[in-house]
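So the protein lines, in turn, are chains U and V. Going left to right, the first sequence walks through residues 69 to 353 as the numbering used here numbers them. Going left to right, the second sequence walks through residues 15 to 335 as the numbering used here numbers them.
Simulated from the structure, these hints should not be mistaken for lab results. Treat the hints with caution; some may be incorrect.
Away from chain V, derived, C-beta distances all over 10 Å, residues of chain U [stated by the list, open to error]:
| no. | residue |
| --- | --- |
| 1 | N123 |
| 2 | S141 |
| 3 | Q155 |
| 4 | N183 |
| 5 | I229 |
| 6 | R253 |
| 7 | K329 |
Straight-line C-alpha distance at most 30 Å; calculated BS3-like pairs for lysine-lysine [claimed, not checked]:
| no. | chain 1 | residue 1 | chain 2 | residue 2 |
| --- | --- | --- | --- | --- |
| 8 | U | K146 | U | K185 |
| 9 | V | K263 | U | K185 |
| 10 | U | K142 | V | K258 |
| 11 | U | K249 | U | K264 |
| 12 | V | K309 | U | K139 |
| 13 | V | K213 | V | K309 |
The C-beta atom is built at its ideal place from N, Cα and C for all residues, glycine as well.
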Amino acid sequence: MGIQFEHVSYGYHSIEGGLFQAIENINVSIDAVGEFITLIGETGSGKSTMVQHMNALMTPQSGQVTIFGVKLSKNMKKDTKLNPLRQKVGLVFQFPEYQLFEETVLKDIIFGPKNFKVPEKEAIQRAKEVIKLVGLDETYLERSPFNLSGGEKKRVSIAGILAMEPDILILDEPTSGLDPKGRDRLLDLFMDIHQKTKKTIIVITHDMNTVYQYASRVLVLNKGSLVYDGLPKELFSEQNIIDWNLDLPDILHLKKHLEEKYQKKLSRSPNSTKDLFLLVKEELI
Amino acid sequence: MKNIVIGQYVPGNSFLYRMDARSKLLALVVLMATAFIIKDFYHMIGMVLLVGFILVAGGLSVTRIMRGLKPVLILLLFTFSFQMLFVNTGELLYTTDLTLTLYNLPIMMGIIIFWMISKKYVKFRFIYLLLAVFGVLALLATFAPGGVISSSRVQIYSDGVLGAFFIMMRLIIIVTLSTILTLSTKPTDLNLGLERILKPLSIIKINAEEIAMIISIALRYIPTLLDEANKIMLAQASRGVDFKEGKFKDKIMQIISLLVPMFIISFKRSDELANAMEARNFVPGRNRTRLHVLKWNYVDTFVMIVVTLVFAISVVIRVVM
Ligand SMILES: Nc1ncnc2c1ncn2[C@@H]1O[C@H](COP(=O)(O)OP(=O)(O)O)[C@@H](O)[C@H]1O
Ligand SMILES: [Mg+2]
């Protein structure tokens, strides 16, 4: 179960009538439980396009996407019910302005659940839980979503998707525009949800520290093609960094500096600063 | 949503493309005015042929013009029916009684229900609708046994037919001419042309340049806003808004969920734009130079002479006849 991509391609029509291939021949299989995936790639590499295929907002132009057993392709049945898939795979968009519209935060959070026929009472109950989960308190529920700061809006939009209780949670650049502390808190929240519920979480990010510290798996898109699908630790080889224009996570930067200073390679990549410290003590000094 | 092209400009290189936007606009106005002063049947036919000639000589595709005419079909049909039914001067051409009876009522309902169910599978829906309407009318006119529910008399007079003909032709001419203009002129050129033509209005304190600026900003932002609308739709769809289905009450909610963010984003965009313009030291009403400059050619003079002649001759015919 979960989500499978088989030879999925999608192109946008340009005004001149041409076709711009945004993703090309993507093959990937994602489990519904136990994965914490980061999706990275330069701006315009097709990340948003790819995740919009994961909750049936888009259907592939060629190839096939299977979401919890439901097959989506160019010649799928016309009456395929797409809406239930959007409850199963919750997608938080990059810009919260695109979805906040109610007078109060509460109404905005229960908008999703109500669309999926969750009784109002239960939806309100969920709203009270998720607002705390995303790091805001209950007083926010009565506020207008338009008077919030950017970071707060983002949290509310995340709460709105969490309240739908999706099986897989996808976040399109959830940490862009947040202060470092807010970013870490949010990532810890996702990790927490992941550990408690075992639900698969997919995060689009440009932050290599996130990739390195949190992800159990990383997907790299480069000009619409999936060029890497594997462990974060093995991603940051010299060649990959040059080929795909990646940054090093801070801890690997530090490791590189230390190695240069001591003119000696460490035997493995460290997991955390503490791990690095132990490694350095064992192998370098 | 994705395939909407703003402005209908289609690149080409006929004389229409070599003309200045100003002369095209002026010629359009003159020709439209001509269409309105024509009162004679053959004269009108001549005018339609002239428009057809412009179309063919300008190398524009006729199917595209047809597509431009499609939205006005309903309007045409309405004016046509009204003219036919309610004008009662001139000769009586045809008369019939439309009678609704207990017997043909169910048959009529049958036709309507059949049309509603089957229309999804038919390619030319509009023609199919006409067929259904015609079927019902024919039924009411010819087959009317049993108890009468209601009855009305339809009379068609020659003036009605003629009036309907003129209105249709004028509408077709106007729409075709404007489509020719938009097909062969870039929106930006059109806007610039409009600005130049309206410039004399500054005497009565109407600032054409500002109006043109507003129009060009609006034009510029249509694709952007469409793009935003598309994003909002996707964002709301992923929160379970099913734009394809839903009861009336849900539909209202769906529209609100689109409109509110749309408004907010538009205001934000316009704010940003105003700031950007101010940062570049934009002062309304100042003299500005242009990147693209309009150029009046021989073609333009020639076309203006021809349309003025057409107009003058039409006036003469109108007065003499
Ligand atoms: N609605 C659209 N119409 C046309 N082109 C688009 C549209 N959305 C995205 N694109 C293009 O597709 C490519 C991939 O976009 P996207 O998936 O948003 O990339 P990313 O999220 O990685 O920045 C980009 O080059 C972008 O310009
Ligand atoms: Mg993106």
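Are the Cα atoms of K263/V and K185/U separated by 30 Å or less? 14 Å, holds
Outside-interface status for Q155/U - nearest CB in chain V farther than 10 Å: Label violated. Min Cβ-Cβ 6 Å, cutoff 10 Å.
Beyond 10 Å from each Cβ of chain V, as asserted for I229/U: 7 Å, violated
Confirm or reject the statement that N183/U sits farther than 10 Å, beta carbon to beta carbon, from all of chain V. Violated, because the least Cβ-Cβ distance between N183/U and chain V comes to about 3 Å, which does not exceed 10 Å.
Proposed proximity, K309/V with K213/V (alpha carbon, max 30 Å): Holds, at roughly 16 Å.
Need the status of pair K249/U, K264/U: alpha-carbon distance at most 30 Å? 22 Å, holds
Run the C-beta distances from N123/U to all of chain V and say if the shortest one exceeds 10 Å. 6 Å, violated
Given the hinted pair K142/U and K258/V, is their alpha-carbon gap at most 30 Å? 18 Å, holds
Once the closest CB in chain V is found, is it more than 10 Å from K329/U? At roughly 46 Å from the nearest Cβ of chain V, K329/U sits farther out than 10 Å, so the non-interface label holds.
Would the pair K146/U and K185/U pass a check requiring their Cα atoms to be no farther apart than 30 Å? 23 Å, holds
Given hint K139/U paired with K309/V - CA-CA distance at most 30 Å: Measuring from Cα to Cα gives roughly 57 Å; hence the hint is violated.
Could you check that no beta carbon of chain V comes within 10 Å of the beta carbon of R253/U? 23 Å, holds
In this structure, the earlier hints numbered 1, 3, 4, 5 and 12 are contradicted, and the remaining ones agree with it.
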